[in-house]
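Residues per chain are reported as follows:
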Amino acid sequence: MALPKYTEPHYRIWHYVYLLICTCVFFFLIAPLFVIFPLSFNAEEFLSFSDGMKRLDPDAFSLRWYKDMIYGTKNPWGLAAKNSFIIAIFATLGSVLLGTVAALGLSSRHMPYKGLIMATLISPMIVPLIISGVAIFFFMAKAGLAATHTGIVLAHIILGTPFVVITVTATLSGFDHSVTRAASSLGSDPVNTFMKITLPLILPGVISGGLFAFVTSFDEVVVVLFLAGLENTTIPIQMWTGLREQLSPTILAVATCLIILSTLILVTAELLRRRSERLRGINR
Amino acid sequence: MSSETQKILTTDGIPLEVSLKKAERKNKLKAFLLVAPLLLFLIITYIFPIGDMLMRSIDDRMVTNMLPKTFKAMEDWDGKELPPEKVFEAFYFDYKLLVEEKTFGKLATQLNYEKNGFKSILKKLKRKMKKFEEGNYKEQIMGVHKRWANVEYWRAIQRRSASFTNAKYLKGIDMYENEDGKIVNVPEDRQIHRVLWLRTLEVAFFVTLLCFLMAYPIAHLLATLPMKYSNLLMICVLLPFWTSLLVRTASWMILLQQQGVVNDFFVFIGLVADDARPEMMYNKTGTYVAMTQILLPFMVLPLYSVMKTISPSLMRAGKSLGGTPFVAFWKVYFPLTIPGIGAGCLLVFILAIGYYITPALVGGASGTLISNQIAFHMKSTLDWSFASAMGLMLLAGVLAIYWIYNKLVGIDNIKLG
Chain W
260 MALPKYTEPH YRIWHYVYLL ICTCVFFFLI APLFVIFPLS FNAEEFLSFS
310 DGMKRLDPDA FSLRWYKDMI YGTKNPWGLA AKNSFIIAIF ATLGSVLLGT
360 VAALGLSSRH MPYKGLIMAT LISPMIVPLI ISGVAIFFFM AKAGLAATHT
410 GIVLAHIILG TPFVVITVTA TLSGFDHSVT RAASSLGSDP VNTFMKITLP
460 LILPGVISGG LFAFVTSFDE VVVVLFLAGL ENTTIPIQMW TGLREQLSPT
510 ILAVATCLII LSTLILVTAE LLRRRSERLR GINR
Chain G
23 MSSETQKILT TDGIPLEVSL KKAERKNKLK AFLLVAPLLL FLIITYIFPI
73 GDMLMRSIDD RMVTNMLPKT FKAMEDWDGK ELPPEKVFEA FYFDYKLLVE
123 EKTFGKLATQ LNYEKNGFKS ILKKLKRKMK KFEEGNYKEQ IMGVHKRWAN
173 VEYWRAIQRR SASFTNAKYL KGIDMYENED GKIVNVPEDR QIHRVLWLRT
223 LEVAFFVTLL CFLMAYPIAH LLATLPMKYS NLLMICVLLP FWTSLLVRTA
273 SWMILLQQQG VVNDFFVFIG LVADDARPEM MYNKTGTYVA MTQILLPFMV
323 LPLYSVMKTI SPSLMRAGKS LGGTPFVAFW KVYFPLTIPG IGAGCLLVFI
373 LAIGYYITPA LVGGASGTLI SNQIAFHMKS TLDWSFASAM GLMLLAGVLA
423 IYWIYNKLVG IDNIKLG
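If you read the protein sequences in the order shown, they are chains W and G. Mapping the first sequence onto our numbering, position 238 (from 1) lands on 497, and the numbers just tick up by one. Mapping the second sequence onto our numbering, position 147 (from 1) lands on 169, and the numbers just tick up by one.
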């Protein structure tokens, strides 16, 4: 962003002020995440930087809290991680399946009452989570699914499908329908056409919707707090209890792992988005 | 197409018009069948339960079902003087049944909500009732305690005859229906919900404003920088966006605590004394700071996607026509970004208004919002009908905001990512 030579001085000053403001905002956005890294290697039991850490004394750093996270006695993280992954994987599969099929229908130009149906399908994303939580809890309690994995998976399917519907309909909006017609004219049945032609083309949209659904389920805490029993504890629930009761550095070790996981997801999502844009011929 | 001969026929001999309509119907059905599984799933597990919340919030059939005979007998009582013998008789038989079923305690609780002093006289009635003789129940019941001869108490029972009530909604805005049937405010020292509603609106408003002020410059920078730099900077926005909410809240708890990094820094630069570190968490400051950072990406992304589509030549044109850079920005660039501003503000405001986790962790007592109150009634007091009523009031607010937004900007103008 080099300024032209003829820029007047007061605009020049304003330009640097503007860059300074931007730097501060970026710092505000990203810096809090980086506080967690060094503190998770703290050798002591405090959540602030010890004098040793400030001097960069190697003895002040340790893997103690990571060991505690994995081997600690009576620690809930193993079970929580297992539950979180199982729930998130099934919720993602459910959301992707239901959401993609619905998006195919919604993108058809023959679809009646499109606006109303779209609004219904994405409503779980719009309604505040606490209300969704109450409503879903009432349903699960009546259906006898409260405090079961099935109940939580279903709840997360409800919350995850809007993302799949939105990303897949967006991908389909640039979809050239003549290719499916060409397939049909060559004698392919609809299922075969979908598997061989449509799905590979919309796959980036489907996967990024799936990533959204996975993250939604993996991070979700409001609804799960209403639904989960002791057996169904998840990572967010454990973090929530930990943050409310005893803030131990083990939480920071877990948080560091979660940040690494989200970085991986971010990279995947970004690569997919670019691939999808390339395929759809959007050049920027 | 009036006569047979002019109709175009398909090869099967069916008129083309009919055939096309049939194909159209078939396509419609096909599209609908694809949507149907998800639609059905959501209606059963989500839309109906929200309706169920509505039922729970106005349902008051508990007392109605406990005293069916009494309310039947009360139908032609005007409520001015003591009810006639048949009401007393009906009440006696209703109550006797409840005592036998051992559910009279619930009635006592419910009636005590309506008027204090019911609990003791109902208990006394239960003890004395065993020796009651047949007939003249009015005399016998009034003999148990003098309050049974007070018409106020019978009116209180009558007030619970309706199957539906708006009491929970009134409670949600600190009002109630008094003994004369008028809707009045709860005494000032016992009002808690209005403060919470106002605080929720205030927090949502200021968080939205702060997010807007911070997001606008960086979205602009991201949209105008060359791709290779902006992609790198975009990570600063996207990484927090994809990171768990609890992780981000945890990092703010570490930063803002009294021995935390921010306070350490303030002491280091000499802004505050070491022994006078300000409390930045467990109050509104904590809620504001943490919520702004957490919701900021939701403002940046829609703004960025709109700004990306604005051609830089427009600004150049504005300047070449004699506008200063500021005028060109204000008259040309800013109006073009309004759809992005609308979408971002709507998104952040609605997310903020229903926020639960962050205020509960960093908000303390003075930073909690209406959602925390809903969760409290769901989990602690178990007053589910009240939680439902509050939830629906919040939902109505959110829908109203959508409606206004749709009127002003148009929902279709929202751009996400």
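Just so you know, these hints were derived from the structure itself, not from any lab. Every residue gets a Cβ at the ideal spot worked out from N, C-alpha and C, and that includes glycine. Errors might be hidden in some of the hints.
What the hints assert, rightly or not - Think about it this way: if two alpha-carbon atoms lie no more than 20 Å apart in a straight line, the pair counts; the simulated PhoX-like pairs of lysine-lysine are: (1) G:Lys124 x G:Lys102; (2) G:Lys124 x W:Lys264; (3) G:Lys48 x W:Lys373.
Unchecked claim - Footprint (simulated), chain W over chain G, 3 or more residues, beta carbon under 8 Å: (4) 65 to 79; (5) 84 to 91; (6) 139 to 150; (7) 233 to 242; (8) 266 to 280; (9) 324 to 333; (10) 422 to 429.
As the list claims (entries may be wrong) - Computed, partial: chain W to chain G, Cβ under 7 Å: (11) Phe285; (12) Ile348; (13) Phe349; (14) Ala361; (15) Gly364; (16) Val393; (17) Gly488; (18) Met498.
Evaluated hints:
1. This hinted pair does not check out: G:Lys124 and G:Lys102 have alpha carbons roughly 32 Å apart, beyond 20 Å.
2. At roughly 91 Å between alpha-carbon atoms, G:Lys124 and W:Lys264 are farther apart than 20 Å, so this suggested pair is violated.
3. With a C-alpha separation of about 17 Å, the suggested pairing of G:Lys48 with W:Lys373 holds against the 20 Å cut-off.
4. Residues of the region 65 to 79 of chain G lying with their CB closer than 8 Å to a CB of chain W number 11, which satisfies the three-residue condition for coverage.
5. Restraint check on the region 84 to 91 of chain G versus chain W: 0 residues with Cβ-Cβ distances below 8 Å, three needed, restraint violated.
6. As drawn, the region 139 to 150 of chain G meets chain W at 0 residues by the rule of a beta-carbon pair under 8 Å; below three, the given contact is violated.
7. Restraint check on the region 233 to 242 of chain G versus chain W: 4 residues with Cβ-Cβ distances below 8 Å, three needed, restraint holds.
8. Given a C-beta distance limit of less than 8 Å, the hint that chain W covers the region 266 to 280 of chain G holds, as 13 residues qualify and 3 suffice.
9. Counting residues of the region 324 to 333 of chain G whose beta carbon lies closer than 8 Å to any beta carbon of chain W gives 1, which falls short of the minimum of three for the stated coverage.
10. By the rule of at least three residues with a Cβ nearer than 8 Å to a Cβ of chain W, the coverage given for the region 422 to 429 of chain G is violated, with 1 such residues.
11. Proximity of W:Phe285 to chain G holds as hinted, the smallest CB-CB distance being about 5 Å (cut-off 7 Å).
12. Evaluation of the W:Ile348 hint against chain G yields a violated restraint, the C-beta minimum of about 17 Å exceeding 7 Å.
13. Checking W:Phe349 against chain G by beta carbon gives a least distance of about 14 Å; that is not within 7 Å, so the hint is violated.
14. For W:Ala361, the interface hint holds, the least distance from its beta-carbon to any beta-carbon of chain G being 4 Å, beneath 7 Å.
15. At a threshold of 7 Å, the smallest CB-CB gap from W:Gly364 to chain G is about 3 Å, leaving the interface hint in force.
16. Interface restraint check for W:Val393: the shortest CB-CB distance to chain G comes to about 5 Å, inside 7 Å, so the restraint holds.
17. Given the 7 Å rule on beta carbons, the hint for W:Gly488 is violated: about 13 Å separates it from the nearest Cβ of chain G.
18. Because the smallest distance between the Cβ of W:Met498 and any Cβ of chain G comes to about 4 Å, under 7 Å, the interface hint for this residue holds.
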